[in-house]
Amino acid sequence: MTMRNVIMGVVLSLTLILVVGAHVLAVQTDTDSQGGDDVRGNVLYSQHCAGCHGLKGQGDGYMMLGPDPANLTRPSTARKSDMVLLETIHEGKPNMPSWKRLLSEEESRAVLAYVRTLAK
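Take 9 as the starting number for the sequence shown in the numbering used here and just add one per residue.
Just so you know, nobody snuck in bad clues.
Below, in silico cross-link-like pairs of lysine-lysine (PhoX-like), each with a Cα-Cα straight-line distance of 25 Å or less:
hint: 1; residue 1: Lys88; residue 2: Lys101
hint: 2; residue 1: Lys128; residue 2: Lys101
hint: 3; residue 1: Lys88; residue 2: Lys64
hint: 4; residue 1: Lys128; residue 2: Lys64
hint: 5; residue 1: Lys108; residue 2: Lys64
hint: 6; residue 1: Lys128; residue 2: Lys88
hint: 7; residue 1: Lys108; residue 2: Lys88
hint: 8; residue 1: Lys101; residue 2: Lys64
Simulated restraints on C-beta separations:
hint: 9; residue 1: Lys88; residue 2: Met11; range: 47 to 55 Å
hint: 10; residue 1: Arg12; residue 2: Tyr70; range: 25 to 33 Å
hint: 11; residue 1: Ser112; residue 2: Asn13; range: 37 to 45 Å
hint: 12; residue 1: Ile25; residue 2: Asp68; range: 18 to 26 Å
hint: 13; residue 1: Ala86; residue 2: Met11; range: 50 to 58 Å
hint: 14; residue 1: Gly74; residue 2: Arg12; range: 32 to 40 Å
hint: 15; residue 1: Ser106; residue 2: Asp68; range: 17 to 25 Å
None of these hints come from the bench; they were simulated from the model. Ideal placement from N, C-alpha and C gives every residue a C-beta, glycine not left out.
Kindly generate the complete structure, drawing on both the sequences and the hints.
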């Protein structure tokens, strides 16, 4: 690899980190005064879920080799019980990590509350 390629890689990586960080800060700043589980869930979703599920939950984030990330705006998501969705958050799915060691039960429920707003 040439030095130029290394520098370009570092610059692109730092730019991505700054853009994502700015988005998280903007969401957090906009929602701090509103209160509510879905507001906290929005911040957590932006930090942990939006990379794959997309900013609006349409499954249009980072794609792996399959299966594609779930589109959380579909009516089929709204029909799933809280128990089923929490189990998915806790245990993960193929190409989706388990979040039970990173998110507390309260945080998982906040993410669920936010996901419920996406399917409306």
